[in-house]
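Given chain A, work out where chain B should sit, using these hints.
There are 2 protein chains.
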Amino acid sequence: MSHTPAYTRLDVDERRRQLLELGARLFTERAYDELSMAQIAREAGISKALLYHYFPSKSAFFAATLREKAAELTARTEVEDDRPAAEQLLAGLDAFLAWVEDNQEGYAKLVRSAGIPEAAIVIDEVRDITAVRIVEGLGGGPRVRAAVRGWLWFLDGAILDWIEHGDVTRDEVRDTALGALAGAVAAAGRPI
Amino acid sequence: MSHTPAYTRLDVDERRRQLLELGARLFTERAYDELSMAQIAREAGISKALLYHYFPSKSAFFAATLREKAAELTARTEVEDDRPAAEQLLAGLDAFLAWVEDNQEGYAKLVRSAGIPEAAIVIDEVRDITAVRIVEGLGGGPRVRAAVRGWLWFLDGAILDWIEHGDVTRDEVRDTALGALAGAVAAAGRPI
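Chains as they are written, first to last, in this note's numbering: chain A, 1 to 192; chain B, 1001 to 1192.
Chain A extracted, bound-state conformation (with noise of 0.2 Å):
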């Protein structure tokens, strides 16, 4: 039996795994527009041909970056249990603060690049899911949706200014949050 590592399918996906780590780093300390392929590979100390082996281009790196936070983010604060919708939702804000306290620099930086596609695409999927999940949950017509929906937004607003001046806690956040959208839905004849 040879010794030599066999490159099996394991080690493809970790070091993509690690790539992608990587990304999430470089694309939060960086301008996206300053990042280029080669310094990605630089800094993962692999050829530039297999940084291209992994990912096509900057975007689908930066998309793949996005994705993989995205994922991480939505298992977090996915609440499958028998608890009313009210306190599942209850547990899914505090795991969804919980995790943006853990990723600050990153998670302000991806809302306010809203503009660049890719970065749009998931933030909008994001939003779609957490909606369809909260709205689901409440029951509810278009009044709800867009209570939802105007609610998600609230949220990253709310979080913006909350990173930028550290001057409220996480709680009060969560309050604030959790009162906008009981306000909301009950406007939108479905109270909670």
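Since the hints were made in silico from the structure, they are not lab data.
Cβ coordinates follow ideal geometry from the N, Cα and C atoms, glycine included.
This list has only true hints and no planted wrong ones.
To give an idea of the interface, some chain B residues facing chain A are shown, with a C-beta separation under 10 Å as derived from the structure:
no., residue
1, Phe-1154
2, Glu-1172
3, Val-1185
Keeping only pairs whose Cα atoms sit at most 30 Å apart, straight-line, the calculated DSBU-like set for lysine-lysine is:
no., chain 1, residue 1, chain 2, residue 2
4, A, Lys-58, B, Lys-1058
5, B, Lys-1048, B, Lys-1058
6, B, Lys-1058, A, Lys-109
7, A, Lys-58, B, Lys-1109
8, A, Lys-109, A, Lys-48
9, B, Lys-1058, B, Lys-1109
10, B, Lys-1109, A, Lys-109
Frame of chain A; chain B shown alone:
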């Protein structure tokens, strides 16, 4: 007295105003990256050199068209009278939503292009001016500020949903938004 038209200050202002109006239309209809100064000059029926005389770059021109719209919006939503803060807010919100209804496509595009630095700056300026105005009216500290800033994002999210789906009325958007604001500032300790 000669009949040769004199190029007065008014002509310059009027030309500038016309260029901004054209810019608002062109930037709404086409993607920012697809428009060149040469095309804009052609559409305006002037030379590229003259266009550059008014605006030193495409991004400066874009920023100026946004600022013009923002000034129009801020003027439309300013309510200076002796009514209580809550009534002024309601009047301002009604005026704002009416303006959005008249400028739907441009507004949706502006909100979605928040990653273009010029757009981000103008959006932030408008939100800051509006937030200060509302927070001054309501009174309150950091929690009310965070609630109001989050709420201005709520508005943009709810408006995009409204424009996209078209299945809720302007008054429903207003009532849902007011519910969100009331819920948020009440949670922040400042019931309205």
